[in-house]
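K.L.:
Dock chain V against the given chain Z, drawing on the hints supplied.
There are 2 protein chains.
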Amino acid sequence: MPEPKPSFVVTPYEVKGRIDYARLREEFGTQELTDDLKARLRRAAGGALHPLIDRGIYYSHRDLGWLLDRYEHGEPFFVYSGRGPSGPLHVSHLLQFELCRWLQEKFHVPMYIQITDDEKFWARSGLSREETVRWGEENLLDILAVGFDPARTHVFFDSKSIAALYPLAIRVAQKINFSTVKAAFGFTPSTNIGLVFYTALQTAPSFYPSWADGRSVPCLIPCGIDQDPHFRLTRDIAEGLGYPKPALLHSQMLPGLLGDAAMSTTGSREENALFLTDDRATVERKVRNAFTGGRATVEEQRRLGATPEICSIWALWRSRFAETDEQFRAITDGCRSGSLLCGECKQAILPRIHAFFDQQRAAREKVRPWAESTIVTRPPHPT
Amino acid sequence: MPEPKPSFVVTPYEVKGRIDYARLREEFGTQELTDDLKARLRRAAGGALHPLIDRGIYYSHRDLGWLLDRYEHGEPFFVYSGRGPSGPLHVSHLLQFELCRWLQEKFHVPMYIQITDDEKFWARSGLSREETVRWGEENLLDILAVGFDPARTHVFFDSKSIAALYPLAIRVAQKINFSTVKAAFGFTPSTNIGLVFYTALQTAPSFYPSWADGRSVPCLIPCGIDQDPHFRLTRDIAEGLGYPKPALLHSQMLPGLLGDAAMSTTGSREENALFLTDDRATVERKVRNAFTGGRATVEEQRRLGATPEICSIWALWRSRFAETDEQFRAITDGCRSGSLLCGECKQAILPRIHAFFDQQRAAREKVRPWAESTIVTRPPHPT
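As they're listed, the protein sequences go chains Z and V. Under the working numbering, the first residue of the first sequence is numbered 4, with each subsequent residue one higher. Under the working numbering, the first residue of the second sequence is numbered 4, with each subsequent residue one higher.
Chain Z extracted, bound-state conformation (with noise of 0.2 Å):
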């Protein structure tokens, strides 16, 4: 009998279904983030690792090996990654910018951000530009307060950033066809000629440091696996412009709140993600809504156990909740054996949510002062 098609679908535009990551990988041809590969980062570093490396979260690359080979013979690296402006900053979306910061600090290097509010305009028509531009500047905030080193940290924010990115993206523009992003991103002939043209624009960040010194600048980024036919084509386009090509570090999805594939909001799936902008009391409603991976009665799961890995709560845990790995470990066991119900589990997760949006808050107003300082408005040559 055939395997059955997995009932999943995986595109920089949609998530949907039970995600089988590994398979993806492998429909990807992406390589797998095996533990030699982990204990290597792991030294680079200094000797810790991140827990959403070191718990699984990021579990695919494309070239990573060769970064750390130019890395560990003196050549430093730069971190790339960015956001799409469409409302506010949900859990998941810090979550990529916290390894980011990681990186940055472990490594000493350069971390670029890009706010896409050209994209969002283009791709959602439900935004008006004055809306992409106001979600993109408090979006820079709380991507900011995560922790970058505002000296060596530089944003393209696209409607702003245009003089600096155009020239470079003239010219991987040029490298690119209507048919290639057609097959990329599965655009047809009433596609938007902006959003046409937008993966120039993505694809110049990861060159942008090459092109500014005229030498080769290895780039790192690290993004969800639905990016990934993004990059692919930055990949295949570098050699012929004289760049490297990027190397990639790809997360699975943060599960939604309602048990969906992703914490995206497409839709008007509120409840789906835990929001910064949310107050206490809708974080606490929505986690206590949340979907598990509990059973029926209370008796059933202290006599069976529930499953962590289906549970939107415990993918928080795995996240950056879990302080520590002992602290993971006793709740996943918990969770497995029956020891530890969904609603003793919420709560206490909770306070850490609350601490965490706290810390975030206040952490943005110190940031206000300097943010718009970090935006690259000029190019750093003409051509």
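Accuracy of the hints is not assured; some may be wrong.
A pair holds if it fits inside one copy or across any two, identical chains being indistinguishable in the list.
Simulated pairs of lysine to any residue, SDA-like, Cα-Cα distance not exceeding 25 Å [to be verified]:
id: 1; residue 1: Lys178; residue 2: Ser131
id: 2; residue 1: Lys248; residue 2: Pro79
id: 3; residue 1: Lys178; residue 2: Thr310
id: 4; residue 1: Lys19; residue 2: Arg272
id: 5; residue 1: Lys178; residue 2: Gly189
id: 6; residue 1: Lys178; residue 2: Arg218
id: 7; residue 1: Lys248; residue 2: Thr194
id: 8; residue 1: Lys178; residue 2: Arg137
id: 9; residue 1: Lys185; residue 2: Ser128
id: 10; residue 1: Lys178; residue 2: Arg58
id: 11; residue 1: Lys178; residue 2: Thr194
id: 12; residue 1: Lys185; residue 2: Arg137
id: 13; residue 1: Lys41; residue 2: Phe110
id: 14; residue 1: Lys248; residue 2: Ser128
id: 15; residue 1: Lys178; residue 2: Glu133
id: 16; residue 1: Lys178; residue 2: Arg132
Don't read these hints as lab results, they were simulated from the structure.
P.N.:
Only chain V this time, still in chain Z's reference frame:
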């Protein structure tokens, strides 16, 4: 018997064959520039009419009557034209800017000039970015040297002005999809995504003053009729963005010296055009070798006369080199009657071409100190 299909092609990317301009106007669905409208333009301009209009080289329009209505009611317009910098300017390019300068002077209106260094890089695979930027800078000097008023002249040099144009281009691009540009420009799936996007940037200047000032400012675009498809698209989306449709004034092409439909130099038809960079000896050689409407022998020409309408030299007299209407009539009559031979006619026009080139070269040095200051680099507002 059905009328034969005309054997010519006119698109923004190709001009060939013997163009039937009346028929082309009908195919494109533009309006005839009638004697009534010319008389109105003459009155509004204070009593004189530019030879390019008076002698019928500008022969077609869209909404010119509407523009004059508004002008007569005290609402000034602005003029917009541009240049794709793929090499040195030739005489035909300058004619369009001479008309623009005349409009600026007679109607006391602002002039917007676009230099499309990005588009030329995307459209011509043989040109490097350094070349399109350098030609853009060179061409701009020649254009400004035509005599524009620095206080009322604004240049969009695409790669240098992108910060100013992009916020508006974002809005424009959202209104245009791939099938529209495919139909308008004959693009295919292998067209690069820069060229696909580009029409958004060529459209933005038409709306720029309206967008900047937050009120409707009419736009007049003098252009070769081959450029009409670009601006048809601009006109189609204008109302959806809340801006007035630009009015257009279309010219016939100046024929090439080798008898081509247009003085264009795609391919390596160097001898087809008179470039501003040509020295005197080159100009003389090209004029002496130019295609005319003359007969095979002097005797035959004396007896039967020549045909000015197909002659590349007569087209030059008509465009700007006949200084008065009397002189133009005398040359035309002499040609048709056989009293003026082609050699004599060429000998008579040569000093005028030399004088024009000398004057352009001198004026060019005078604009150099302030040319850069006309380039717009900042947007009026962020969205």
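K.L.:
Compare the structure with each hint and give your call.
P.N.:
Do the hints match the structure? See the list:
no., hint, in the structure
1, Lys178 <-> Ser131, "between (30 Å within a copy, 13 Å between copies)"
2, Lys248 <-> Pro79, "within (15 Å within a copy, 53 Å between copies)"
3, Lys178 <-> Thr310, "neither (48 Å within a copy, 48 Å between copies)"
4, Lys19 <-> Arg272, "within (13 Å within a copy, 57 Å between copies)"
5, Lys178 <-> Gly189, "both (19 Å within a copy, 19 Å between copies)"
6, Lys178 <-> Arg218, "within (20 Å within a copy, 39 Å between copies)"
7, Lys248 <-> Thr194, "between (28 Å within a copy, 24 Å between copies)"
8, Lys178 <-> Arg137, "between (32 Å within a copy, 22 Å between copies)"
9, Lys185 <-> Ser128, "both (19 Å within a copy, 22 Å between copies)"
10, Lys178 <-> Arg58, "neither (38 Å within a copy, 45 Å between copies)"
11, Lys178 <-> Thr194, "both (20 Å within a copy, 10 Å between copies)"
12, Lys185 <-> Arg137, "neither (30 Å within a copy, 34 Å between copies)"
13, Lys41 <-> Phe110, "within (15 Å within a copy, 71 Å between copies)"
14, Lys248 <-> Ser128, "between (33 Å within a copy, 24 Å between copies)"
15, Lys178 <-> Glu133, "between (32 Å within a copy, 17 Å between copies)"
16, Lys178 <-> Arg132, "between (28 Å within a copy, 13 Å between copies)"
Going down the numbered hints, you'll see the structure goes against 3, 10, 12, while the others check out.
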